[in-house]
Amino acid sequence: MNIFSIPANVAVSDTGFVFLPTTGETFTLNEIGKEILRMLQQNKNLDEITEIILENYDIDRMSLEKDINDFLAQLKNYSLLVEV
Amino acid sequence: MTSKKRYERPVVTKHYSGFMNKIGTSSFSKPMKEIDGVQVTELVEKFGSPLFIISERRIRQNQRNAYRIFKTRYPKVQFAWSYKTNYLNAVCSVFHQENSWAEVVSEFEYDKARALGIKGDNIIFNGPDKNKSALIKAIKEKSKIHIDHFDELYDIIEICDSENLRAKVAIRVNMDVGVYPKWDRFGFNYENGEAWQAIKRIVSNKNLELIGLHTHIGTYMMSTEAYRIAASKLASLARSIKEQFEIIIEYIDLGGGFASHNTLLGQYLPAEETIPSIDQFADAISSGLFELNFRQDELPFLILETGRALVDDTGYLVSTVLANKRLSDGKKALIIDAGVNILFTGFWYKHKITPAQDCGLHTEEAAIFGPLCMNIDVVRESITLPLLKKGDRVVIEYVGAYDMTQWMQFITLRPNVVMIMEDGSVELIRQAETLEYITQRELIPEKLKSKS
Ligand SMILES: Cc1ncc(COP(=O)(O)O)c(C=O)c1O
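The listed protein sequences derive, respectively, from chains D and V.
For the first sequence, this note's numbering begins at 1 and goes up steadily by one.
For the second sequence, this note's numbering begins at 85 and goes up steadily by one.
So here's chain D without its partners, still in its complex pose (with noise of 0.2 Å):
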């Protein structure tokens, strides 16, 4: 299984505010986006980090596979993940 990591100097507040202090960057999470990087920070796995979610949320396994694969590829391409 991929080991994903949330580079050491990416901030995120409380309110989902993220700044990427390499680039001066900024972003926005949402919830659920917030919940999952701070997760990803703690160095949960997917598949705890799934659990997670399926027990707090209204959804479905198949569709936050999906939506967790899209968030996973959007952070990805900011440079907010990286794969190691």
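If you are wondering where the hints come from, they were derived from the structure by calculation, not from laboratory data.
Be careful, since some hints might not be right.
As the list claims (entries may be wrong) - Cβ pair distances, simulated, as ranges:
1. His-99(V) / Tyr-57(D): 23 to 29 Å
2. Gln-123(V) / Glu-65(D): 29 to 35 Å
3. Gln-493(V) / Tyr-57(D): 41 to 47 Å
4. Asn-459(V) / Ser-13(D): 29 to 35 Å
5. Glu-25(D) / Thr-518(V): 50 to 56 Å
In this text, all values refer to a predicted model and were calculated from it rather than measured experimentally.
From the three backbone atoms N, C-alpha and C, an ideal C-beta is built for every residue, glycine too.
Since chain D is already given, all that's left is putting chain V with the ligand on it; use the hints.
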């Protein structure tokens, strides 16, 4: 039980300096869950997706409103419904019930109007393509023939001679109204004297009765001044006709062309904020008509062939999200089940697209593609929308003009069209196409028929 939180797809949005931040706030007023009081979901469940929806109430309102606006500025007004803008029988019938004549530009449209019970003398026959059989029919039925070129004029003279008929004719005039590109390919030119030459030829023939003057200066016009100029040039022609030939024409027809509420692709500000109102067009036209200087009882009718401005905002297209995609550059793309095959105006307009169900506050920039396996099938290059998932629906607004006539049967079939009636009932006005409908006109040569 369901203490679970409402789910929204996880999303990250980049901020761009110098741009207003749309993040967190929604640029959407509200989802469009109903149209004229009818639930969008109900409509799609019953009639399928995609689905065209037309509001009868809105058509009547638009037509009555436009009539009132012109009538309060000029005493004699007649509208003629521009068939090519939307010639579904039900739509034409609403306009005809509102006292509009028919404005047609081909034998097919002419026959369509006749089949709806419109009398020949309430049909304005425009366009460069009037074949001989169409002309004979139109002359016999006393329709108002707007001559486009000299070849047509001579055809009419010849027909009237050989068939012993009299024709009621007008000429289409093209002119410089200060708007470019000039539409000079239709009709006779005003400035170089060609129009006057055509008029002289008509009045010198005993079988032709010159009843009007016509122009159509362009479509999606944003300049009211152009209409003032057009009206005053036709008015001065009408005056010369009266002075030189003692003929008082029955009408001046200023065509169509008022811009509708759709925003053009290259336009930055939304059309709602930039286009003139019908009142402003009417002001310009009535002031141009002052040029006539006729006695009250000699005043010609003002005919208008307004198309898109009367019908664009009466049409909606409901479409369903087929898939979410991410392009190689990270940009979001949505695929919906309505493409440029049925949304032809996607080639000109940035359509207003609104979700048909509740959605979260977060928005995202996305391209919207249609379902065709063709690169041209782009509904919107870029639009900011709430997060939509497969199966969600959107309402595309202002699709009443030209989409239901210029649509093409390409790759897939054309969908149902329904009309929401004034009383809130819903009527199917064009059935979705079937394979049999499409292939019924095809023939297979005998030797190609496989023997199984
Ligand atoms: C002769 C004529 N009249 C009326 C119209 C209707 O124009 P619009 O839909 O721009 O009002 C057209 C369309 O181009 C036309 O060619």
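Non-conforming hints, listed in increasing numerical order: 4
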